[in-house]
Structure formats: structure tokens, C-alpha cells
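Keeping the supplied structure of chain A fixed, place chain B upon it in accordance with the hints.
Residue numbers (this note's numbering), protein chains in the order written: chain A, 1 to 517; chain B, 518 to 701.
Note that these hints are calculated values from the structure, not bench results.
Honestly, I wouldn't trust all of these hints.
[To be verified] Straight-line C-alpha distance at most 20 Å; calculated EDC-like pairs for lysine to aspartate or glutamate:
#1 B/LYS668 <-> A/ASP201
#2 B/LYS668 <-> A/ASP66
#3 B/LYS684 <-> A/GLU133
#4 A/LYS191 <-> A/ASP201
[Unchecked claim] Footprint (simulated), chain A over chain B, 3 or more residues, beta carbon under 8 Å:
#5 556-564
#6 689-698
Here a beta-carbon is modelled for each residue, glycine too, at the ideal position from N, C-alpha and C.
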Amino acid sequence: MRTRALRSLRVKLLLVDLLTTLAALTVALGAMVAYDLRAYHRNWINDMTTQAQLLGSTVAPALSFDDPALATENLSFLRSRAKVRAAAVYNARGGLFATWSSEHWNRAFPSLPGEEGAHVEGRNLVVFKRIIEHGEILGTVYLCADYELYSRVADYSVIALLVALAAMLVAFLTSSRLQQIVSDPVLAIRKVAREVIDTRDYSRRARKASDDEVGELVEAFNAMLTEIERRTGELEASNRRLATEIQERTRSEEEIARLNQELESRVRTRTAELESANRELEAFCSSVSHDLRAPLRAVDGFSQVLEQEYAAALPQEARRYLARIRGGTLRMAHLIEDLLNLSRVSRVTLERRQVDLATIATEVVDELRGGEPHRVVDISIWDGMMGYGDPRLLRAALENLISNAWKFTSRTEQARIEIGVLRDNAQTTYFVRDNGAGFDMAHCDKLFGAFQRLHSVREFPGTGVGLATVRRIVERHGGRIWADARVGKGAVFFFTLAVADGDSASDAAQGPVKSVA
Amino acid sequence: MAALRLLIASLLSVLLAGIWQSGLAVEDLTEAEYRIKAAFLYKFGDYVQWPQSAFASPSGTFQIGVIGADTLADQLEQIVAGHTMADHPVIVRKLKAGEALNGLHLVFIGRSQGAKLTPLLDTLRGRPVLTVTESDSDTAGVINFVVVDDKVRFDVLLPTAEEDSLKISARLLTVARRVIKGGS
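Here chain B stands alone, though its shape is the one from the complex:
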């Protein structure tokens, strides 16, 4: 059912992309896509290991920052309600470009940010923050969503993860569309 809906949504998005910025159909498409992506975000927590230093205390919160994708943030909040990520209570924060990014463990940067993506990523580089983008670039966040054959898939950039002191589970890599390793 979800796949069918996604299929219809994808077709519509291809047809109407750039023509209509608003409209019910587009709105639906975004919502379905973001629901899947929100679920994926939550599940990344199972396959990524943050360094101990990333948390203020063992009972500290796991903070997710969502930039430029409020729909996803809403979906995610529903998903994580009552759940933990990396054994910590989860807080979802809707952020805007330019806001301070301190204390975050996972940051999703929506495609609406466009050119602001790279500065954001630069800001977060070197910190134990799992950056997730919707960019197809080989130099984007640690995990980057792509839609292939109407399905949400993702690429993993291991050098970036390493740089950010994050350990990505090999099991996650089996599901990834592409795994970009160091040196490439």
C-alpha cells in the first residue's frame, strides 16, 4: 500500500516538479516520503554508535535537529515518542539555518536548504553528529537519502563518519545503496 502510494506520489512529483510548488498532491507526496525518511532516521540509531563523549551524562537526551523539513520533524516526533535512541530519551528540534547546533546528535538537512547545505555540513564536521541529507553528492552528510525506483534508499559516506567519530554498523552498510569508503 505504502509502495503504491509512494509510486503515485513519485510519478506526480516527476510530472509536476517545479510547475506547482503547492497543491494537495505535492503535499501528500512530501508527507509520505518524509514519513519513510523519519522512520529511517529513527532506525539509524540502531546501527550507529556515538562516542561516549557525545552525551553530557548517561541519562542525557538524544537530540535530533531537523533543518528545513518540518513535516519530517512532525513525523519523527510521532515515531520517537516513548522510544529511545542509543539508550537515551529523544528530543526532536526544528532548526533554521543559522541557529546554534550545539548538543545535537543527529541532524537532518532537508533539500529545501539547497546551497546552504555545504556550510551547515562544514559547521558540523568533526563533531559526533550524524548528518543526514537528501543530497546525491559524494561529499554530503554521513548518510544521504536517494530515491531509487520509487524507493527511499541511502548512501553512506564512511570517511565522513570516521571524521565525526561515528561507527556505522556493517549491517547498515548491507542495506545502503552505495557505501563510499575512504580514499575514493
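Same shape as in the complex, but just chain A:
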């Protein structure tokens, strides 16, 4: 490829030179030959016409004085003119007067003289010239000479061919040397360009050898290389920067990932630790509760025995102390019971199903009425409150909420408790409302914590664990619990449950139905 391209440019230059030479030669030779042939034609006609005229003048006396021999003698001088083949003289009446011809002339003389003038007949030039002396036509001269235009054309063709060959040879020799002046710088540029492409070494430069266009090309090429070199350098620097940035970014991402992983594992560890701690705490709580029961039962049992068996023997004051001991043990038993419940709520496995909360609420209310039959409370339970959850835990939650309402309405005239459900688009919210003591909303954040009480035990008895238990139950069902209250005006507790697929809780709840007066 290299040598072919190398040869290509040179061959093209050479061809251009040779073709130019050939064209110039063709035009020049053609013009010369055409001019020469034209000149030959004219000169030869002029020459022969003059010859005829001279001849006429010479033979005029012979014609005038009727001397054919003299005329023939005159004509025979044409021997010295090699190109003249034949000549004749006609007298005034058109008769052949005298003739002469060279040895190789085999044509016949025209029987009558033709029109005056010269004309070409094939390879002969024929001239007729009138002989006029003192205004009288004495006769006509006939001349027949070689007309060598065609052989001259042939000769010139051979000469032109030879000249052209010689000129082309000279042009080839000079051109093949001279074209290097043009082609070498170009080929040098090409070589550098090829090396730049092959090696990607943009620091190479072509050598400027001349001040012509090729020199300008070299300068432009070098300027281009400089520009490319500069840009390549910039690009590489930019690439290096980018690579560094990417590396750093990757490193920091890895760091973040590592930290995240560490964090997660720490969270896992902590969670596990917390769970373990919780379990231990609950286990502790449970075992403590169980373990506390036995001595408590002993205290209660022996106090009871003391009260029943030795009541008579004890002074009044001792009996009162015994009663207080028994009250304390009872409260403690309740507390332990609630703590066990709370702990159980956290540990048991949920067994969810559709539960009719209205039925549960009715049962709870019935139990409460059974416990305090003298209380008159207006309790309304909405019909068809279906919920999806564990029946035992939901009963525990409702027990807590309804018994709270029952408890905090104990000092209210015309006590009223309502258990119902509110529905908006997707959310079903259950509520338990009373018109009891209520509480200050400023303390509502403490409401659902264990052992948090807003009222004194003396005002309303309780352990302070109930609402914590309810919250734990609701949260285990994926729901939420909150409250609204005003002191002396009552309280409302709202809670939601996670909705099960195909929940039909809304089926029958149409409005409040007073079940018991």
C-alpha cells in the first residue's frame, strides 16, 4: 500500500507532464504541418503557374511564327525540373502545337486546353495558362507536375511521430526527475502523517522544505498536530482527573457501604441485645410476678386465718390493721395480675379471625353490671362492629377500655358510655366514649405508659398498667390508639386495627343502638 500510494502520486505527476507535452506537441506539430502543407500547396501552385507563364512567354515567338520544333525545344528545358512530368502548348485555335513529357509519364495530353488556372488531379497538379502577347491570345500552356501533398503528409506523420517519441522520452526523463520536487515534500508529509497514525505520537513534525503551497500545507499540518497534541494532553489530563474522582467516589461509596453494613450489623446486634434484654425483662417480670404471688398468698391466707380464727381475741385496732393488710395484698395481687397480662400480651402468638366486637363489648358490660348491680349507667353499643384480630386480646383491650369508662363515670350523674365505630374511606376507627371525669390533654403523652396515672388511687382505683396493655394489643394488631378528653366532661378513646383481606367489619354497623338502659 505504501509503495502503491508512493507510486501513484509520482505516476500521476508524470502522466500530467507527459500528457501536457503530448498535447503541446500535437498542437504545435499539427499547426506546423498544417501551415507547411498550406504553404506547400500555395507555393507549388504559384511556382507552377509562374513556370507556365514563363513557358508561355518563351514559346510565344514559336507560336507566333509557327515553329513547333522550337516550341518543343523550349518545352524540353523542363527536364531540369524533376517534379514537372509533362508540358504542352496549344495554339490559339486549341490545337496541340508542341508537347514534352518525362519518361515515366503515361497519361494522354488533353485534346483541348482546359480552363485557365491550376487544379489538383489526384497526385498531379495540372496548370493551364493562356499565352497573351500584346492583348492577343496566342495559345495555352499545359503543365502537369507532381503534387506531393499526400506523401508530405505521410512524411510529416512519420517525422511528427518520431519527434513526439523523442520529446516524450525527454519529457519522461526530465519529468521523472523534476516531479520529485513536488512529490517528495508531499510524500514526506504523508510519511509523518502515517507515523503519527501508527504510533499516536503527536509530537512529530513534518519538515518544511519549500515556501510554496506544499510548505503552507506542512505548516498547516504541523499547526494541526500541535493543536491535536495540546487537546490530547488536555483530554488525558481531564481523563486522569476523572479517573481519580471516580476512584475517590468509589472508595467513599465503599466506605459508606461498609459503614452502613457496620451500622446494620450494630443495629442487628443492638436489636438482638434489646430483644434478649426484653425477653429477660419479661421473663424476669413474669417470674417475679409468679414468685411474688406465693408469699402474697401466704400473707393473705394467714391474714384471713388470723381474721377469722382470732378475730375475737384481737383488739379493734389490730382487726383494722389486718383489714388494711388484706386490702394491700389484694391490690398487689391485681397489680401482679395486670403485669402478667401485659407481659403475656407481648409474648403470645396472634390468632386472627373476624371477631364481633359488639358481642364482646356486651359480655364485658354484663360482667361489669354483675359486679356493681346498683349502678345506673346508660350504655349503648353499636350493632355489627366487626374487627379482624385475636379474640382473646381484643376482649382484653375492650375490657380495659370499658372498665375504665365504667370506673371514671362512677361519680357522674347520668353516666353514659358509648361503644361504636367510625368509617371513612379505608379506615375503620373504633371508639369508647364516656362522660366521666376526663383528663387534662396536657398529660395525654403519659396516658399509655405503664404505671402512669392521671388520677390518684384514692379517687379512682387502678394499677396504671391497663392502657399500656391496650396500646400494646392495638399496636400488635398493626393499629393506632389515641384519646381526646376534657376534665370533667368525659373522654373518648379511639383505636384502629389493621384491615384484613375481605374484611366485613362494616357490614351491619348502621348507627347507635341502645341495648341496655
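Positioned in the frame of chain A, the structure of chain B alone reads:
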């Protein structure tokens, strides 16, 4: 055709010369011969140059005198009619021996003059007059007709021409049978 007729005429003239002075054949012979000679006479005008003094004026006439050859004179008159000689209008005069020869430029003396030829020539010598005779002598007129091989030819006597201030064209000399030069 002319040559053939001339040939026949010449043969007849040779056979009958001196025997019959008159007769149709002789008459024909003379007429043909004189027609040629008359033509020659006219054409001599193209090859001979007369001195300027020979003519009275540039528009003067060229006078030809014919002595002892009326036939020729008649022929010549026909030939020169409407033509010029040496750029002058031509007049042909039939002369007899003894008549004045003034104003002539060309004089033809027929062979009928015989012995009178020499005195006539003497009279004309030294004047710019082209004398033409039918004598074979080397001392006759400037131009002398001869018949050779049945053809009319002529001799030119250059000394005489020179004496008469006449310039004879070299081209005429090429056609002449003999050219007699000075000193010979």
C-alpha cells in the same frame, strides 16, 4: 490544314515554276504563302522596337509599304484592321518602285521586284524602316523570308537593323532560321 495546303502549293510551285505564270493553282499558292507572310509581318511589330523619332507624334500612324506584292498587301490590310503596331494605328500602302518612301516604318519588297531590290534597299538604308524581303542574300533587308521544308522561315540581319536604329527582340532571334551578326 494550312501546312497541308502549303505543302501542296509548294510542290506545285516547284513543278510549275517558270512554266505557267498564271493559273489558279499558282494564284492559290501565292495567296496562302502571302497570308502567312502577312501574318508574320504584323507580328514582327511585337518584336521590333522603332526609335521614338520614327513617329511624327505619339498618335501618329504606323505605315507599312508593300512593294510588288498586292496580294500580301490585301491580306495584311485584313489582318491589321482594328489593330495597332508599336501602339500606333496601322496604314498599309501599296507602293510601286520609284514612289517616294517617306514616313514608312515597315517596307515589304516582293520577289517580283527582282533586280530593283538592291536600289530600293539602298534608298531605305539608314532610316528607321524595317525592311523585309524575300531574298536569300546575306545583304538584303533586315528580315528576309525563306521557305524551308515547305515552311515560311526568315533570316535576320542584325548589322542592317543596327544601321537602321532598330532593336530586334532576342525572342524573335530564337525563331529565326539564321541570325547574321555584325562582322560576318
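With a Cβ-Cβ cutoff of 8 Å, does the segment 689-698 of chain B contain at least three residues near chain A? holds (count 3)
For the segment 556-564 of chain B, do at least 3 residues have a Cβ located nearer than 8 Å to some Cβ of chain A? Since three or more residues must qualify, the claim that chain A covers the segment 556-564 of chain B holds, with 4 doing so at under 8 Å.
Is it true that the CA of B/LYS668 sits at most 20 Å from the CA of A/ASP201? Measuring from Cα to Cα gives roughly 114 Å; hence the hint is violated.
query: Given the proposed pairing of B/LYS668 with A/ASP66, does the C-alpha separation stay at or below 20 Å?
result: At roughly 9 Å apart (the allowed maximum being 20 Å), A/ASP66 and B/LYS668 satisfy the hint.
Would you check the hint for B/LYS684 and A/GLU133, treating anything up to 20 Å between C-alpha atoms as holding?
18 Å, holds
Given hint A/ASP201 paired with A/LYS191 - CA-CA distance at most 20 Å:
13 Å, holds
Figure legend: structure checked against the earlier numbered hints; the only hint not met is number 1.
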